[in-house]
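Note that the protein sequences, when read in sequence, are chains A and B.
Per the working numbering: the first sequence = residues 1 to 386.
Per the working numbering: the second sequence = residues 1 to 129.
No wet-lab data here; the hints were simulated from the structure.
Note that the coordinates shown come from a computational prediction; the quantities given were computed from them, not determined experimentally.
Quick reminder that beta carbons are idealized off the backbone N, C-alpha and C, glycines included.
Do not take every clue at face value.
Sample of chain B residues at the chain A side, in silico, Cβ under 8 Å [what the hints assert, rightly or not]:
1. F10
2. K11
3. M16
4. I19
5. P20
6. A22
7. G34
8. L36
9. T38
10. K54
11. T55
12. C58
13. G59
14. I62
Residues on chain A that point at chain B, a partial pick, calculated with CB under 7 Å [stated by the list, open to error]:
15. S297
16. E300
17. E302
18. L306
Subject to a maximum C-alpha distance of 20 Å in a straight line, what follows is the list of computed EDC-like cross-link-like pairs (lysine to aspartate or glutamate) [stated by the list, open to error]:
19. B:K73 <-> B:D45
20. A:K22 <-> A:E37
21. A:K382 <-> B:D21
22. A:K286 <-> A:D183
23. B:K120 <-> B:D87
24. B:K5 <-> A:D309
25. B:K120 <-> B:D4
26. A:K382 <-> B:E18
27. B:K119 <-> B:D23
28. B:K47 <-> B:D23
29. A:K104 <-> A:E217
30. B:K11 <-> A:D309
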Amino acid sequence: MDHAAGKPVDPRAIEAMLPYMKSSFGNPSSLNAPGQEAKRALDEARKKVADLINAERAESVIFTSGATESNNLAIKGVANRNKDRGTRIITSRIEHMSVVNPVKFLTTKGFEAAFIPVDEYGFLSLESLEKELSVKTVLVSIVYANGEIGTIEPIREISNIVHNNNSYLHVDATAASGLIPIDVRGEGIDLLTISSNDMYGPKGIGALYMKEGVRIEPLVQGGGQERGFRSGTENMPCIVGFGKAAEIAKQEMKRESERLTQLRNGLIQGLTESIPHAFLNGHPTKRLPDNASVRYSFIEGESMLLSLDMMGVAASSGSACTSKTLEPSHVLLATGLKHEEAHGSLMFTLGRENTQEEVDYVIGLMPSIVRRLRAISPLTPKELKE
Amino acid sequence: MYTDKVMEHFKNPQNMGEIPDADGVGTVGNPVCGDLMTIYIKVKDNKLADVKFKTFGCGAAIATSSMTTELAKGKTLEEAMKITRADVAASLGGLPPVKMHCSNLAADALHVAINDYLKKQGGTVEVKK
Numbered sequence: 001m002d003h004a005a006g007k008p009v010d011p012r013a014i015e016a017m018l019p020y021m022k023s024s025f026g027n028p029s030s031l032n033a034p035g036q037e038a039k040r041a042l043d044e045a046r047k048k049v050a051d052l053i054n055a056e057r058a059e060s061v062i063f064t065s066g067a068t069e070s071n072n073l074a075i076k077g078v079a080n081r082n083k084d085r086g087t088r089i090i091t092s093r094i095e096h097m098s099v100v101n102p103v104k105f106l107t108t109k110g111f112e113a114a115f116i117p118v119d120e121y122g123f124l125s126l127e128s129l130e131k132e133l134s135v136k137t138v139l140v141s142i143v144y145a146n147g148e149i150g151t152i153e154p155i156r157e158i159s160n161i162v163h164n165n166n167s168y169l170h171v172d173a174t175a176a177s178g179l180i181p182i183d184v185r186g187e188g189i190d191l192l193t194i195s196s197n198d199m200y201g202p203k204g205i206g207a208l209y210m211k212e213g214v215r216i217e218p219l220v221q222g223g224g225q226e227r228g229f230r231s232g233t234e235n236m237p238c239i240v241g242f243g244k245a246a247e248i249a250k251q252e253m254k255r256e257s258e259r260l261t262q263l264r265n266g267l268i269q270g271l272t273e274s275i276p277h278a279f280l281n282g283h284p285t286k287r288l289p290d291n292a293s294v295r296y297s298f299i300e301g302e303s304m305l306l307s308l309d310m311m312g313v314a315a316s317s318g319s320a321c322t323s324k325t326l327e328p329s330h331v332l333l334a335t336g337l338k339h340e341e342a343h344g345s346l347m348f349t350l351g352r353e354n355t356q357e358e359v360d361y362v363i364g365l366m367p368s369i370v371r372r373l374r375a376i377s378p379l380t381p382k383e384l385k386e
Numbered sequence: 001m002y003t004d005k006v007m008e009h010f011k012n013p014q015n016m017g018e019i020p021d022a023d024g025v026g027t028v029g030n031p032v033c034g035d036l037m038t039i040y041i042k043v044k045d046n047k048l049a050d051v052k053f054k055t056f057g058c059g060a061a062i063a064t065s066s067m068t069t070e071l072a073k074g075k076t077l078e079e080a081m082k083i084t085r086a087d088v089a090a091s092l093g094g095l096p097p098v099k100m101h102c103s104n105l106a107a108d109a110l111h112v113a114i115n116d117y118l119k120k121q122g123g124t125v126e127v128k129k
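Let the sequences and hints guide you as you build the complete structure.
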């Protein structure tokens with residue numbers, strides 16, 4: 001139940017990929033027959049990805065090596081190409097590190113940045129956004145829905161504010177794409193990051209949607225593939241698998257998101273109601289269908305993960321003890337949690353193969369895990385001890 | 001990530017709990033960084049007759065606490081003061097590098113507890129920290 005970290009590849013996507021690892025090895029840039037066959041497959045995959053996000057045309061989608069590259073391309077590409085218009089970039093305090101770090105990097109190269117706060121649920125402060133915008137602002141980059149707490153941002157409203165200021169809006173939809181409907185035209189998005197594995201496609205492939213007319217420069221230069229915005233021979237097996245995964249996600253989204261929402265609601269209820277000092281992170285309803293993020297007082301997340309792992313359950317935590325930096329999740333801290341509260345966080349992200357039985361199993365395990373760790377913890381108040 | 005020995009101590013921590021009438025108590029760490037541990041000792045004839053712990057923290061924090069109490073129990077105060085973080089980590093078959101500093105504090109808590117006991121005794125036994 002840690003699908004945000006990695007998802008199995010849909011067997012139908014694997015099936016679609018196989019020919020491109022065995023017999024179909026043509027290069028889409030070649031004019032020969034195998035090359036042209038590859039070109040058709042490339043175009044078809046692009047069309048499927050474009051359809052998932054309601055892009056105006058397939059060519060607006062650029063394939064990259066994944067969401068991290070897409071975020072880097074959007075932020076550095078737009079900032080560097082539009083220096084003549086302004087040098088200010090705005091983002092939020094709950095972005096993925098592949099947004100945070102490029103923005104911070106640009107501040108060492110003559111750009112200035114503002115990080116907009118969020119409220120206790122993780123909703124962006126629109127007031128603060130309006131205040132921070134200026135004529136110098138070229139780009140605003142906001143997450144569609146944060147993968148850790150699941151909160152879905154009001155992108156349409158954000159877009160109106162950003163476009164009234166004549167700035168570009170980049171949206172990182174890595175966690176949201178494939179789970180909930182995204183409409184780049186309807187929601188007024190200029191650049192959108194999506195990832196293949198997050199919708200059960202292969203890893204190592206992603207895409208950046210760029211609205212026609214957006215001024216951007218490439219990170220990777222070479223033979224001019226992907227309209228010159230991302231050179232390098234196309235990763236055909238993964239692109240074809242991504243296309244298939246996007247097609248399946250679109251077809252099955254409504255039914256699957258209803259199923260996940262129901263499972264998720266039961267999981268949140270079971271994880272919080274039967275255990276004292278248990279709390280939900282994020283918003284109760286405006287959250288991704290797969291996300292159940294909770295926290296327990298007086299205990300630490302990694303020890304909960306280990307306890308669950310011994311029982312065959314994979315989860316995740318925003319505790320410092322599970323991070324490389326030894327800092328708790330900046331996303332949880334941005335929602336106003338104290339360090340010790342963030343340490344006690346536990347996140348489940350459900351996926352296609354999870355069942356009601358599995359959810360019930362986890363709900364059944366949690367009280368004794370929390371009880372045991374609280375018995376070991378010196379922070380547990382006396383009245384909770386048995 | 002963790003050795004079998006660490007997991008064993010995480011699953012079945014030894015000497016977990018408090019000693020209500022402890023002769024010495026030592027607490028190190030703090031909940032803000034994610035690790036906090038308290039060691040309780042009972043001293044008889046200059047030896048650690050009983051050692052117990054309470055820990056808030058990750059798997060390594062709990063395992064090192066448990067291992068420290070195991071290493072310390074029955075030792076003289078002088079011997080117990082010589083137990084280092086490295087000894088604790090080695091007895092557990094090693095710890096991930098990132099855990100060596102933040103979660104391997106139990107030996108320090110033990111030393112603080114012994115010093116607490118010595119202070120209460122009026123510092124009659126000289127032990128270097």
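Now for the hints, and whether the structure bears them out:
The interface hint given for B:F10 is met, as the beta carbon of that residue sits about 6 Å from the closest beta carbon of chain A, less than 8 Å. At its closest, the beta carbon of B:K11 sits 7 Å from a beta carbon of chain A; the interface hint therefore holds under the 8 Å criterion. Taking 8 Å as the C-beta cut-off, the interface hint given for B:M16 holds, the closest approach to chain A being about 6 Å. Nearest Cβ of chain A to the Cβ of B:I19: about 13 Å, over the 8 Å cut. The hint is violated.
Hint status for B:P20: violated, given a least beta-carbon distance of 12 Å to chain A, over 8 Å. Hint status for B:A22 relative to chain A: violated, with the closest Cβ pair at about 13 Å, above 8 Å. Against a cut-off of 8 Å between C-beta atoms, the interface hint on B:G34 holds, since the closest Cβ of chain A lies about 4 Å away. Interface restraint check: B:L36 against chain A, minimum CB-CB distance 6 Å, threshold 8 Å, status holds.
A hinted interface residue such as B:T38 counts as satisfied when its beta carbon comes closer than 8 Å to some beta carbon of chain A; here the least separation is about 5 Å, so the hint holds. With a least beta-carbon distance of about 4 Å to chain A, the hint placing B:K54 at the interface is held under the 8 Å criterion. With a cut of 8 Å, the hint placing B:T55 at the interface with chain A holds, because the nearest CB-to-CB distance is about 6 Å. The closest approach between the C-beta of B:C58 and any C-beta of chain A is roughly 4 Å, which is under the 8 Å cut-off, so the hint is satisfied.
For B:G59, the shortest C-beta to C-beta distance to chain A is roughly 5 Å, which falls under 8 Å, so the interface hint holds. Contact between B:I62 and chain A, as hinted, is supported at the beta carbon level, the nearest pair being about 6 Å apart and thus within 8 Å. Residue-level restraint check for A:S297 is violated (minimum Cβ-Cβ distance to chain B is 10 Å; threshold 7 Å). A least Cβ separation of about 5 Å between A:E300 and chain B falls short of the 7 Å threshold, and the interface hint therefore holds.
With 7 Å as the threshold, the beta carbon of A:E302 comes within range of chain B, its nearest partner Cβ sitting at about 4 Å, so the hint holds. Hint on A:L306 holds. Least Cβ distance to chain B is approximately 5 Å, under the 7 Å limit. Proximity of B:K73 to B:D45 is assessed by CA-CA distance (about 13 Å); at most 20 Å being required, the pair is judged to hold. Note on A:K22 and A:E37: the hinted pairing holds, with a Cα-Cα distance of about 14 Å set against a maximum of 20 Å.
The hinted pair formed by A:K382 and B:D21 meets the criterion: a straight-line CA distance of about 17 Å does not exceed 20 Å. For the given pair, A:K286 sits about 17 Å from A:D183 by alpha-carbon distance, which is consistent with the 20 Å threshold. Among the hinted pairs, B:K120 with B:D87 is inconsistent with the structure: their alpha-carbon atoms are about 27 Å apart, more than 20 Å. This hinted pair checks out: B:K5 and A:D309 have alpha carbons roughly 16 Å apart, not beyond 20 Å.
Simply put, B:K120 and B:D4 have alpha-carbon atoms about 39 Å apart, too far for the 20 Å limit, and the pair is violated. With a CA separation close to 12 Å, the supplied pair A:K382 and B:E18 stays within the 20 Å bound. Our distance criterion of 20 Å between C-alpha atoms is met by B:K119 and B:D23, whose separation comes to about 10 Å. With a C-alpha separation of about 12 Å, the suggested pair B:K47 and B:D23 falls inside the 20 Å cut-off, and the hint holds.
For the proposed pair A:K104 and A:E217, the alpha carbon gap of about 19 Å is at most 20 Å, so the pair holds. Taking the CA atoms of B:K11 and A:D309, the gap is near 12 Å; set against the 20 Å cutoff, the hint holds.
Going down the numbered hints, you'll see the structure goes against 4, 5, 6, 15, 23, 25, while the others check out.
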